[in-house]
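**Q** Here is how the chains run, residue by residue.
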Amino acid sequence: MRSIDIHAHVTPQSYIKAMKEGQVWHGVSPGPLDIEPQLEWTPEQRIKDMDSLGVDVQVASTGAQFYYYGGDAQVIAAMHRECNDEVHQMTIDHPDRFKGLAQIPMQNVDLAIAELDRCVNQLGMAGAMIDDKVNGKTFDEPEFLPLWKAAEQMGAVFLIHQGGGTLVAPRTRSYHLPNTIGNLVDRAVTFASFVMGGVMDACPDLKICLAHGGGYACYGVGRMDRSWDVGRLPQIPQPPSAYLSRFYYDCLTHSESALRMLIDMAGIDKVVFGTDWPFDMQIDWPVAWVLSLESLTQDEKEAILWKNMEKLLGMSGE
Amino acid sequence: MRSIDLHAHLTPQCFIRAMREGREWHGVKPGEMGIGPRNSWTPEQRIDDMNSLGVDVHVVSTFSFYYYYERDPQVILPMHRECNDEVYQMTVDYPDRFKGMAIIPMQDVNLAIQELDRCVNTMGFVGAMIDDHVNGKTYDDPEFLPLWQAAEEMGAVMLVHQQGGQTLVRDRNPNYHLHNTIGNLVDRAVTFASFVFGGVMDACPDLRVCLCHGGGYTCFGAGRMDRGWQVRPEARVNISSPPSSYLNKFYYDCLTHSEPALRMLIDTVGIDKVIFGTDWPADMAIDWPVSWILGLESLTQEEKEAILYKNLENLLGI
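Each protein sequence line maps, in turn, to chains A and B. Mapping the first sequence onto the working numbering, position 91 (from 1) lands on 91, and the numbers just tick up by one. Count along the second sequence from 1, add 1000, and you get the number used in the working numbering.
If you're looking for bench data, these hints aren't it; they were derived computationally from the structure. Quick reminder that beta carbons are idealized off the backbone N, C-alpha and C, glycines included. Treat the hints with care, since some could be wrong.
[Claimed, not checked] Quick list of the computed label-pair ranges, beta carbon to beta carbon:
hint, chain 1, residue 1, chain 2, residue 2, range
1, A, D110, B, Q1230, 19 to 27 angstroms
2, B, N1051, A, F279, 52 to 60 angstroms
3, A, F279, B, Q1045, 50 to 58 angstroms
4, A, S245, B, Q1230, 31 to 39 angstroms
5, A, D201, B, E1259, 24 to 32 angstroms
6, A, E141, B, T1122, 51 to 59 angstroms
7, A, K137, B, S1291, 37 to 45 angstroms
8, B, V1237, A, S292, 27 to 35 angstroms
9, A, S245, B, S1240, 39 to 47 angstroms
10, A, I16, B, N1238, 30 to 38 angstroms
11, B, Q1166, A, Q13, 41 to 49 angstroms
12, B, R1232, A, Q13, 25 to 33 angstroms
13, B, R1232, A, H94, 30 to 38 angstroms
14, B, N1248, A, L39, 36 to 44 angstroms
[As the list claims (entries may be wrong)] Covered stretches of chain B (chain A as the covering partner; in silico rule of three or more C-beta atoms under 8 angstroms from a C-beta of chain A):
hint, region
15, 1048-1057
16, 1076-1086
17, 1100-1108
18, 1162-1172
Let the sequences and hints guide you as you build the complete structure.
**A** The following block contains the structure:
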């Protein structure tokens, strides 16, 4: 049994080193480094933890706190290149254990395309992880279309993952709700923006993976369909639910019944293994969790744990 | 077969008359609010439509556009009293067809309690319909506790329903009707969380809260709230059981626009907590709601009867 985790983060060693030495790092001022110990782990320590969890491969993404879409694009492009080079080095040093997902400066679409191209076509990365929004803009904005077209051409995967400031925060910051509800509603809005903005029609081969099981997308699609039924979405030829199977979703639902519903609605070939390593909101023993789910068949468990990811990343036969 | 609809709105005739006569109405100026054709139907026209739909009873709530929580409570209290008196008259004229759901000025908790008391104890109303927040305050705010305690004592049902359009989604993407199709559902999840994580359901064990639109994303998303409760101390300040253990303390209408979502709701919260609700006469209503319920293949006949009338008869003691 193999397992390939598409949702696993890296805190760059270059950042940690700069902070510890009191150096400015691409515009980030040094300060007390207040991070959990596991965020500082080296690739070798990370591999030991993966071994204990039964995870064979992590598709490593630099953490969402490094999006910095609000920063100067040239400064952040340099930051992202350094992050991506570090992830690339992990994939060179441990090619059987790591694949890479890039950081790209979404505040400048041309630079984002250039860095995605470098990472995918030169460094062999799977794609990029991006936020649900870019300085208030959603992905139905026409300015992003060249990026989707370029990614489609490259066969790059976008992993969508919030970068703080979810929709729930303006209502309440209590009880961790900006994460526990906010991540999930942000993902539903991103699904809707891609679909209702016509991006999925314009880019039929675009590969998008919605983290956190796509949030509320599958459960809530019936109400989106209703708005299509009553003529409020004239710009798309099919109801939103028809697009569910056009996306990929990680299995990070923290609920067996939610995961079962996701599989039933999106299709078993669209659900991939993703854990949110190494954060506290991750699945504790993710391989064991998937294997233990009584409502999934063995074939479904294998599809989620590795087979779908091998197909998505073109790794079949390795 | 009976059917009792908990989620059916009224545009008050007193408001329509004032607008048509060009008169200001409790601070609302003529032309400030539009009126659709179905919204201006008389009680008799409404009954004709109910007959065509197979709906026996409407629990009539003045539409959420009339919350006006941001305005002077001394102005809005008389508005709400006039609305409630009109609903009361419907229940007097057609006692077999209408029950009443009050609108109360939540911007002043004392006045809200007073009007709830008048409606429930003097006029036989079921309870009150309220927004998901009051001028940005959620229901974990201690200022609302006297209202919950008063409602608990009266046996009043609080029906939670967003103010049209002003949900959490609008600031992210104002297009595609998402403020409604995603916004209503996330607002309801935040309200569930505010009641639960805020300790209100522990403080008021007999409080009856019904979450419109099937409780939104609540049941599907409870797994991630549970995970937040497990790993985050701030999620445990008020409650010693995980949030999912509170799912069956609430009522939910059946307005999911999705059979698998309704099935999951029933399986998650219990069949005795799901109630018939249609959103009459909005375009986002269920088209043929009784037929829709009766046509659902994944529900047993007993479950259909529980939803259509038995649960609400138990809840309302009728």
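**Q** Each hint: holds or not?
**A** Status of the hints after comparison with the structure:
1. Between D110 (chain A) and Q1230 (chain B) the CB atoms are about 43 angstroms apart, so this pair departs from the stated range of 19 to 27 angstroms.
2. With their beta carbons about 56 angstroms apart, N1051 (chain B) and F279 (chain A) fall inside the hinted range of 52 to 60 angstroms.
3. The hinted window of 50 to 58 angstroms between F279 (chain A) and Q1045 (chain B) holds, with their beta carbons roughly 56 angstroms apart.
4. The supplied range of 31 to 39 angstroms is met by S245 (chain A) and Q1230 (chain B), whose beta-carbon atoms lie about 32 angstroms from each other.
5. With their beta carbons about 27 angstroms apart, D201 (chain A) and E1259 (chain B) fall inside the hinted range of 24 to 32 angstroms.
6. A beta carbon spacing of about 54 angstroms between E141 (chain A) and T1122 (chain B) agrees with the range 51 to 59 angstroms that was offered as a hint.
7. In this structure, K137 (chain A) and S1291 (chain B) meet the distance hint of 37 to 45 angstroms, their C-beta atoms being roughly 42 angstroms apart.
8. Here the CB-CB span from V1237 (chain B) to S292 (chain A) is close to 31 angstroms, well matched to the stated 27 to 35 angstroms.
9. Between S245 (chain A) and S1240 (chain B) the Cβ separation comes to about 41 angstroms, which falls inside the hinted range of 39 to 47 angstroms.
10. Between I16 (chain A) and N1238 (chain B) the beta carbon distance is about 36 angstroms. The supplied range of 30 to 38 angstroms therefore holds.
11. Hint check: Q1166 (chain B) to Q13 (chain A), Cβ distance near 45 angstroms, so the stated range 41 to 49 angstroms holds.
12. Separation of R1232 (chain B) from Q13 (chain A) is about 27 angstroms and conforms to the stated range, judged on CB atoms against 25 to 33 angstroms.
13. Between R1232 (chain B) and H94 (chain A) the CB atoms are about 32 angstroms apart, so this pair conforms to the stated range of 30 to 38 angstroms.
14. Range check, N1248 (chain B) to L39 (chain A): Cβ separation about 38 angstroms, and the 36 to 44 angstroms hint holds.
15. Residues of the region 1048-1057 of chain B lying with their CB closer than 8 angstroms to a CB of chain A number 0, which falls below the three-residue condition for coverage.
16. For the region 1076-1086 of chain B, the assignment as covered by chain A is violated, since 0 residues bring a beta-carbon within under 8 angstroms of that chain's beta-carbons and 3 are needed.
17. Check result for the region 1100-1108 of chain B against chain A: violated, 0 residues qualifying (beta carbon to beta carbon below 8 angstroms, three or more required).
18. Here the region 1162-1172 of chain B counts 4 residues with a CB under 8 angstroms from a CB of chain A, which clears the bar of 3, and the coverage holds.
Violated hints, listed in ascending order, are 1, 15, 16 and 17; each of the other numbered hints is respected by the structure.
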